[in-house]
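Asks: In terms of our numbering, the sequence shown opens at residue 1100 and continues consecutively.
Treat the hints as calculated values from the structure; they're not laboratory data.
Predicted, not measured: the structure shown is a model, and the values here were computed from it.
Don't take each hint at face value.
Ranges between beta-carbon positions, derived for each pair [stated by the list, open to error]:
id, residue 1, residue 2, range
1, Lys1139, Thr1101, 48 to 58 Å
2, Ser1100, Val1184, 30 to 40 Å
3, Pro1176, Arg1105, 34 to 44 Å
4, Trp1195, Asn1114, 52 to 62 Å
Beta carbons are placed, not taken as given, at the ideal position from N, Cα and C, and that holds for glycine.
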Amino acid sequence: STVEIRSLVSRPSMNGKVGVVVSANASTARFGVRVAGEAKALALRPANLQPAAEAVEVGRLVLKAAEWSPQSHELFPTAARKRAVEVMRLGYLIAWDEERFEGEGAAPGLVDLWRTHVLPHAVRR
């Protein structure tokens, strides 16, 4: 995990630096954190660590793109985005089939169901 060092009293110059957790010691309740330019890993308490901003952003993107949704659409490859558009068009055709819905012209709720439940399963990376 990538972490940012915070509130370190013994070496305040390390505050704000980013490092990588390389070990954990249960007996001392500290994590070994490797920081560029340091000869060895620092033994730091969990209270002095927080996930680095870039690691949090990467995590958010991974979670956001785990399954297709309107919000994650732009994160998918071109072929998957094209498939999403095709499948959504099919949903609109079904929802607006006048013969199927006895002249009412539309089933707007079906479009929402289609987008929410069908598309995530039909569109893969």
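Asks: Evaluate each hint against the coordinates.
Replies: Comparing the hints with the structure gives:
Separation of Lys1139 from Thr1101 is about 18 Å and departs from the stated range, judged on CB atoms against 48 to 58 Å. Restraint check, Ser1100 to Val1184: a C-beta distance of roughly 37 Å satisfies the suggested window 30 to 40 Å. Between Pro1176 and Arg1105 the beta carbons are some 37 Å apart, a value that agrees with the proposed interval 34 to 44 Å. Checked against the hint of 52 to 62 Å, the pair Trp1195 and Asn1114 passes, with Cβ atoms roughly 60 Å apart.
The structure does not agree with numbered hint 1 stated previously, though it agrees with all others.
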